[in-house]
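Assemble the whole structure, with the sequences as input and the hints as a guide.
In the order they appear, the protein sequences are chains Z and A.
Numbered by the numbering used here, the letters in the first sequence go through residues 1 to 209 in order.
Numbered by the numbering used here, the letters in the second sequence go through residues 1 to 310 in order.
None of these hints come from the bench; they were simulated from the model.
No residue lacks a Cβ here, since even glycine has one placed at the ideal position from N, Cα and C.
If we take Cβ atoms under 10 Å as the criterion, some of the chain Z residues that face chain A in the derived model are: (1) Val52; (2) Arg53; (3) Ala63; (4) Leu83; (5) Met84; (6) Ala86; (7) Val91; (8) Ile94; (9) Val180.
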Amino acid sequence: MGGADPAGAAERVHRGGGVAVTESLLVDALFWLFAVGSVLTGYRVFRTDSMVRAAFYLLASFAGVGGILVLLGAEFLGMVLILMMAGEMLVMAIVMVMYMMNPAGLNPMWMVHQHRVAVAAGVGAFLVLAGLALVADFPDRPNPRPEMATEQLGIELLGDSMLVFQTAGVALLATMIGAVAIASRRGRYGEADEGSQEPPLAPESDARR
Amino acid sequence: MRPDASPLVAALAVGGVLLVGVYLVAVLDRVVGAVVAGAPVRVGGLLAGPVRAAALLLVQRYRGTERFDAPGWALAPALLLGLAAVALGLVPLGPDLVAADPATGFVVFSAAIAFVMIAVFLHGWSPNAVFPLHGAYRYAAQALSFQIPFLLAMLATALPAESLSIVEIVRAQASIWNVVRQPLGLPLYLVVGLAVSFWGPLNLPDGADLAEGTSAEDAGVARLLWQAARAAMLVAVAAMGAAGFLGGWWGPWLPGPVWVLVKSVALLVVLVAAGHLLARIRIERFVVVAWAVLIPLALLNVFIAGAVLL
Numbered sequence: 001m002g003g004a005d006p007a008g009a010a011e012r013v014h015r016g017g018g019v020a021v022t023e024s025l026l027v028d029a030l031f032w033l034f035a036v037g038s039v040l041t042g043y044r045v046f047r048t049d050s051m052v053r054a055a056f057y058l059l060a061s062f063a064g065v066g067g068i069l070v071l072l073g074a075e076f077l078g079m080v081l082i083l084m085m086a087g088e089m090l091v092m093a094i095v096m097v098m099y100m101m102n103p104a105g106l107n108p109m110w111m112v113h114q115h116r117v118a119v120a121a122g123v124g125a126f127l128v129l130a131g132l133a134l135v136a137d138f139p140d141r142p143n144p145r146p147e148m149a150t151e152q153l154g155i156e157l158l159g160d161s162m163l164v165f166q167t168a169g170v171a172l173l174a175t176m177i178g179a180v181a182i183a184s185r186r187g188r189y190g191e192a193d194e195g196s197q198e199p200p201l202a203p204e205s206d207a208r209r
Numbered sequence: 001m002r003p004d005a006s007p008l009v010a011a012l013a014v015g016g017v018l019l020v021g022v023y024l025v026a027v028l029d030r031v032v033g034a035v036v037a038g039a040p041v042r043v044g045g046l047l048a049g050p051v052r053a054a055a056l057l058l059v060q061r062y063r064g065t066e067r068f069d070a071p072g073w074a075l076a077p078a079l080l081l082g083l084a085a086v087a088l089g090l091v092p093l094g095p096d097l098v099a100a101d102p103a104t105g106f107v108v109f110s111a112a113i114a115f116v117m118i119a120v121f122l123h124g125w126s127p128n129a130v131f132p133l134h135g136a137y138r139y140a141a142q143a144l145s146f147q148i149p150f151l152l153a154m155l156a157t158a159l160p161a162e163s164l165s166i167v168e169i170v171r172a173q174a175s176i177w178n179v180v181r182q183p184l185g186l187p188l189y190l191v192v193g194l195a196v197s198f199w200g201p202l203n204l205p206d207g208a209d210l211a212e213g214t215s216a217e218d219a220g221v222a223r224l225l226w227q228a229a230r231a232a233m234l235v236a237v238a239a240m241g242a243a244g245f246l247g248g249w250w251g252p253w254l255p256g257p258v259w260v261l262v263k264s265v266a267l268l269v270v271l272v273a274a275g276h277l278l279a280r281i282r283i284e285r286f287v288v289v290a291w292a293v294l295i296p297l298a299l300l301n302v303f304i305a306g307a308v309l310l
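Listed below in structure tokens is the structure:
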């Protein structure tokens, strides 16, 4: 990014050993906080008894993952994950509550179906992924200039993969405009801001009004 | 603060600014209210008023509802206050004087604004009562509508800077402020900023028509904290507006930090005065206006900013 001056980077690299140790301790502590927090809140998603609580636990879990991404130097990806998840989890909570005829989402209910299968699938997936993380041969190559990560990501997205992302972007924009058009004023169920009314069953019938 | 300054100093500074800012918002609200109503402005009473109101809330009895969600209810004001602190911590007082200057400052600010809707929804949902829940649903509709124009208006300021860092965004306004370069930006930002901090005409989740909505069941310290957090969010929005559109520390004669303060307080006065001069609008109308007018205007603003840059 624009703030990347070589002198500052060099100064940061050559800082005293004591500061570096404190920093790495802090990073370790934060990593474990985020990691354990993510797993615990992820577990709570299935053990809690309300859809709204489940959505917020899931949000907390994702926020922890976002924090880990920031610690890894993928600052932009981490913050965007946190940014996107806030809206998505809220919409998810509201949509779930709407479907469940449970006005506040506060009525106790089970958050899982087919308990045994769900537990087995969850534990199995966790073990497989954790095993992969342990045995995989990850590159051991610390990024020398993590402050350039955002720029590199931008070049990756808008350089080689530009066509893919622009196509997806235009498709999403069209979807958004379509969704807004359907939900906007003068929709097929009447004005959006005056409450909706189902159309009558027969074209000319006014019986339901 | 230099980047090397201790995080403790930065946190204390941001907390102190927030405390003073919240008090300032309360005083400004009373002053503007008195002026608009044509009442005499009694300096002593206006300065002591917020303290008296806060003291009254501090000794007020705690009140609960039936089967409420205790952690959510307790968390909501703290979350909103923390988000205001995050947003304010990104605002630079000078080229080297900022609590935090991440390369992705704009994204961090956006994430803080996005989480405001979580805080407000949690605050309205947790009491398990009708009016707060209505307020929560209202804010969800309001937030999903203002999110895009708000972020687009802010994003346009990142284009001339060619950086997402707030310090760089201010630095790029050395010759010409964004308020001149992008005339659509500041009005859009202020309109939607009122919605973000649910203040004045856009105080829909906590509006009087809902018996104070999400804070209808609050009492005592919880109510005090929630009101303080709302005011803190307004301070953060004003300060970020000063940095993003009014050139932050740039200005003649006075030192940079003073300019930041002057501009932030000026925007704060505009935002607070809007609460006394404009009528509250209905949520349906706001949603329609946000999607059909504000988003196209914000897109136009981004396109113009991009075209000027090319």
